[in-house]
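Colleague: Based on the sequences and whatever the hints tell you, model everything.
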Amino acid sequence: MIGHAKLLDELARLVKRSKADATSVCAESSVYRVSRFAYEAIHQDLVQESFTAYVKVIAHKRVGVAVTDTFDRPALSRCLEAAMEIARHAPPRKDLPPLPDGYEEITTRDYAASTAKVTPHRFLTTLKRLFQYCQGLGAQLAGSFVVGEDELAVVNSSGVACYTASTVCGAKLVTMYRALSGFAGGASRRIEQLDLEALLERSLKQSLHRREPVTLPLGAYEVILEPEAVAELVTWLGYIAFGAKAVQERTSCLAGRMGEGLMARRVTIVDDGNDPAGLRMPFDHEGVPKQRVALIERGKAAGIVYDTAYGQLYGQPSTGHALPPDEVEGPLPAHLIMEPGTMRREELIRSCRRGILIPRFHYVNGLLNPREALMTGLTREGAFLIEDGKLKAPITTMRFTQSLLEAFSHVLGVSKERQLVADPAQDPGCAVMPTVRLARFRFTGRSED
Amino acid sequence: MTPAHLPKDLVLAAVRDLKRRGVDDGNVRFERLLHESLVVERSQVQSISLSESAGIGIRVLIHGSWGFASTPHLTPASVRRAASQAIAIAKASASINRRTVRLAPVEPATAVFRSRYQIDPFEVPLSKKLDYLLWATNSLLGPKPIKRATGHMDFFKRTKFFASAGGAQIEQHLVESGAGLEAVAQQGNEVQSRSYPNSHHGALAQAGFEYVKQLDLVGGAKTSQSEVLHLLRAEPPKAGLTTLILAPTQVVMQLHESCGHPVELDRVLGQELSYAGGSFLTTGRLGTFRYGSDHVTIVADATAPGGAGSFGYDDEGVPAQRVELIRRGLFVGYLSSRESIARLDHGRSGGAMRAEGWDVPPLVRMTNVNLEPGEATLEELLHDVKHGYLLATNKSWSIDDRRLNFQFTTEIGWEIEHGKVGTIVKNPLYTGITPQFWGRCTGVSNRESWQLWGVPNCAKGEPMQLMHVGHGAPYARFDGVAIAPAK
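Taken in sequence, the protein lines are chains A and B.
Take the first sequence: its position 327, counted from the start at 1, is 328 in this note's numbering, and no numbers get skipped.
Take the second sequence: its position 87, counted from the start at 1, is 94 in this note's numbering, and no numbers get skipped.
Calculated from the structure, these hints are not laboratory results.
Note that this is a predicted model, so its numbers are computed, not measured.
There could be a bad hint or two in this list.
[What the hints assert, rightly or not] According to the in silico footprint, chain B covers these stretches of chain A (three or more CB under 8 Å from chain B):
#1 62 to 68
#2 71 to 80
#3 194 to 204
#4 285 to 298
#5 372 to 383
#6 412 to 419
[To be verified] Here are the simulated BS3-like cross-link-like pairs (lysine-lysine), alpha carbons at most 25 Å apart as the crow flies:
#7 A/Lys-7 <-> A/Lys-20
#8 A/Lys-62 <-> B/Lys-135
#9 A/Lys-62 <-> B/Lys-136
#10 B/Lys-98 <-> A/Lys-118
#11 A/Lys-301 <-> B/Lys-494
[What the hints assert, rightly or not] From the derived model, a few chain A residues whose C-beta atoms are all more than 12 Å from chain B:
#12 Lys-17
#13 Ser-19
#14 Ala-23
#15 Asp-102
#16 Glu-105
#17 Thr-109
#18 Ser-158
#19 Lys-173
#20 Val-175
#21 Ala-221
#22 Gly-262
#23 Thr-269
#24 Asp-276
#25 Ala-278
#26 Glu-348
#27 Gly-390
Don't be surprised by glycine CBs; every beta carbon is placed ideally from N, CA and C.
Modeller: As structure tokens, this is what we get:
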């Protein structure tokens, strides 16, 4: 950890030194420990200490961006010079928005000392216990465990100076027993809220089922998607539909349909970087505070997210969804949240006469036909056939090809319980999702060996 | 942007320190990466950025367990601290591991490897690169339905110095260049895209700026513009079982997902179960499993000139090799590391261990996974096709966690009627089961149409590492494939 005083001071010093008309510096710093294990052995264990500073300068309407991974004054100065050099050679840009101004914040509200101080010994002791428990059952265990500290700071020449520090931890457990496997994942800002034993129990419940997997005919099925599965679909929707760039290019399924009913009235999706149920992030990479944005409101297309550039294009203020300045994807949501329903997860299962329970998907791709939010992907561990409200048997891997708009137009129920879904070793974003029961979901293929 | 100094003394001192501390094995790897990225959109410069990353990673094996730590600070104190962290991690893991790591032997090399290029892309003036990119990208614009025209150039310069406790000292200098265009057109509810010369930044080679010049972006823009406008009024393919000919720009993704990933031996041994999954190419199938037809020979060739997955030595100091994976349809080899190959008692590492950068340990990665060319021309492949489709340029991709059931869509297709390429079809989607699909391969085109493409964003590992890999691909014909419109 660099700390807010030193980090903000160094960035401010750099901004002050800049001879550009406007300068913005964004810095990310992190220390992560990632352990991966399979079959009773840790096969990868590492400490990753990283720092990235993005320097963006605007000189005579010309923009230059340079990036460095080294946190010291000479490297930051070279980075600033490189950005200036690029700006000198860049053509002038039309309609450049001014840098955001007037936001100062220092927050460590999501920094938990307990997480930062977790010792390797503590994790190894727990892991050893999990290994032994699985061995006792004749099951095998694989997975990963991550614990990390993050800092993000933005300083610009228009008065932005903000800093946040946070901690995060997460685990993914895959259990295998004969032909079946199970999965459970969890993440939290606080290590005491990450219950590895409970995750193991959830994963084992899927893999220790007494029935052999059954192969189902292809076609449309009623499905109950658990939070991880819902998160994968909605996160893809975020990527292809909820950003202003996709709307501007009209590849988004929301383009030209704002206010129209695209989904069932039971569906409300927002992006909220300040919801304590998620992994909060108070501001974006331009130093703009994150706004809560309603994206789908009671089934209707309600909004999209902006950064300053796309905000100016649409005559809207930035919603605080800018990516780092060297990214060209445009603004994207990173804290997607679906409003809860009224039923319990168990009730959703009990009320299903014949359907499929899906805990998570594998390799979802939403680029097939983004205008219709057509997606494909596969079931993975823990998918079960439901008959007469009971889990009948595990199923073999099946592929779906389905328009998400069509699937979410026929919602039979949404659970009141929601789960934080995040993979902190891969991505700083998150989703908070309920279990969702859908009337029809189209399966178009199956895996065969 | 960075001082050109290669901190050999610091690396060698760190290796001496590791040996003093009694590691079973270990290495210290310095890396510096410069990446210049240019993106233009709608006649405007969207982004020009130059990124610099440099640091040292230390990997140690103690009591049969691995530890890894890294530092961006190139000072003796920081490097010693990273070494201590790596050692502590390895010792902690060893306290619970019931299986100890064994390593296949490697001869310690002293070598310098420099990739070949004619024009250093970092020496080409920025204004010249931008002018060319704007010219090419503007060539996509004009007709009203074209809503977006994007052009990109990427240049990489990677410098590495690897030294091991076993005595290796290897210096490598790798230069890569890439460029491409994409047009997005819209009319009513129809949105179509067309990329040139390949999608997903696939025009990437271990080469200098001469590679970008050879791509003929301006000429390609005219073709892409015409094709994307045609796609707006095209019909989709008819659903059913048919004959497909895949162009090299789609064979790339077919190879990547259905062959490259399942032959990664660490994945086969379960080390990717918590993220990307496993593989159907289990160790018991090596040498006996029929993966494809006699037309199918696939190699992993880290020595391929110009390949985005080429190098002199991997990140364990193992020399680059050409490894047979599939020989005339038979599964015969894996992508491997010193550890994974030793688990099979199968000789020496295939030299496929690479790390994305200095701050992560290496994993088994694809090099250049190439479908070897056959003898037919494209015309000969087409000749006896009564009805089928020619598909080009990957759009979407998905495959199951054992790499069996795949589904791809491509940007464009053409109907084939009685051996002739006919009208354009939109939104083609095809699907299959890996060994059944490759088993129905009835022909592969010759060296003349074989192309080496790059994949700059092959994702694997936790934390995720994005690797540059290559794929050499000819046209390939498959019978009895399920095709459908993506809807």
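Colleague: Compare the structure with each hint and give your call.
Modeller: Right, here's what the structure says about each hint:
Counting residues of the segment 62 to 68 of chain A whose beta carbon lies closer than 8 Å to any beta carbon of chain B gives 5, which reaches the threshold of three, so the coverage claim holds. Against chain B, the segment 71 to 80 of chain A contributes 6 residues with a C-beta closer than 8 Å to a partner C-beta. That satisfies the three-residue criterion, and the hint holds. Under a criterion of three residues with beta carbons nearer than 8 Å to beta carbons of chain B, the stated coverage of the segment 194 to 204 of chain A fails, only 0 such residues being counted. Counting residues of the segment 285 to 298 of chain A whose beta carbon lies closer than 8 Å to any beta carbon of chain B gives 0, which falls below the threshold of three, so the coverage claim is violated.
Residues of the segment 372 to 383 of chain A lying with their CB closer than 8 Å to a CB of chain B number 7, which satisfies the three-residue condition for coverage. Three residues within the 8 Å Cβ limit are the bar, and the segment 412 to 419 of chain A against chain B gives 0, so the coverage statement is violated. At most 25 Å may separate the alpha-carbon atoms for a hinted pair to count; A/Lys-7 and A/Lys-20 meet this at roughly 22 Å. Using a Cα cut-off of 25 Å, the hinted pair A/Lys-62 and B/Lys-135 holds, with the two alpha carbons roughly 20 Å apart.
Using a Cα cut-off of 25 Å, the hinted pair A/Lys-62 and B/Lys-136 holds, with the two alpha carbons roughly 20 Å apart. At most 25 Å may separate the alpha-carbon atoms for a hinted pair to count; B/Lys-98 and A/Lys-118 meet this at roughly 19 Å. Between A/Lys-301 and B/Lys-494 the CA atoms are separated by roughly 22 Å; this keeps the pair inside 25 Å, and the hint holds. At roughly 21 Å from the closest C-beta of chain B, the C-beta of A/Lys-17 stays outside 12 Å, upholding its exclusion from the interface.
Against the 12 Å criterion, A/Ser-19 stays outside the reach of chain B, whose nearest CB is about 16 Å from its own CB. With a minimum CB-CB distance of about 16 Å to chain B, A/Ala-23 clears the 12 Å threshold, and the non-interface call stands. Distance to chain B confirms A/Asp-102 as a non-interface residue, since its nearest Cβ pair spans about 22 Å, more than 12 Å. Interface exclusion of A/Glu-105 from chain B stands, the closest Cβ pair being 27 Å apart, more than 12 Å.
The claim that A/Thr-109 lies off the interface holds: its Cβ sits roughly 23 Å from the closest Cβ of chain B, which is beyond the 12 Å cut-off. With 12 Å as the threshold on Cβ separation, the claim that A/Ser-158 sits away from chain B holds: the shortest Cβ distance comes to roughly 19 Å. Distance check on A/Lys-173: its Cβ comes as close as 4 Å (rounded) to a Cβ of chain B, failing to clear the 12 Å threshold; non-interface status is violated. Against chain B, the non-interface label of A/Val-175 is violated: not every CB pair exceeds 12 Å, the least being about 5 Å.
For A/Ala-221, the shortest C-beta to C-beta distance to chain B comes to about 15 Å, beyond the 12 Å cut-off, and the non-interface label holds. Annotated as non-interface, A/Gly-262 keeps its C-beta farther than 12 Å from every C-beta of chain B; the closest such distance is 17 Å. Remark: the non-interface label on A/Thr-269 is consistent with the geometry, its nearest Cβ contact in chain B lying 25 Å away (cut-off 12 Å). Consistency note on A/Asp-276: stated as away from chain B, and its beta-carbon is indeed over 12 Å from all of that chain's, at 25 Å minimum.
With a cut of 12 Å on Cβ distances, A/Ala-278 stays outside the contact zone with chain B, its closest approach being about 24 Å. With a cut of 12 Å on Cβ distances, A/Glu-348 stays outside the contact zone with chain B, its closest approach being about 30 Å. The Cβ of A/Gly-390 lies farther than 12 Å from every Cβ of chain B, with a closest approach of about 29 Å, so its non-interface assignment holds.
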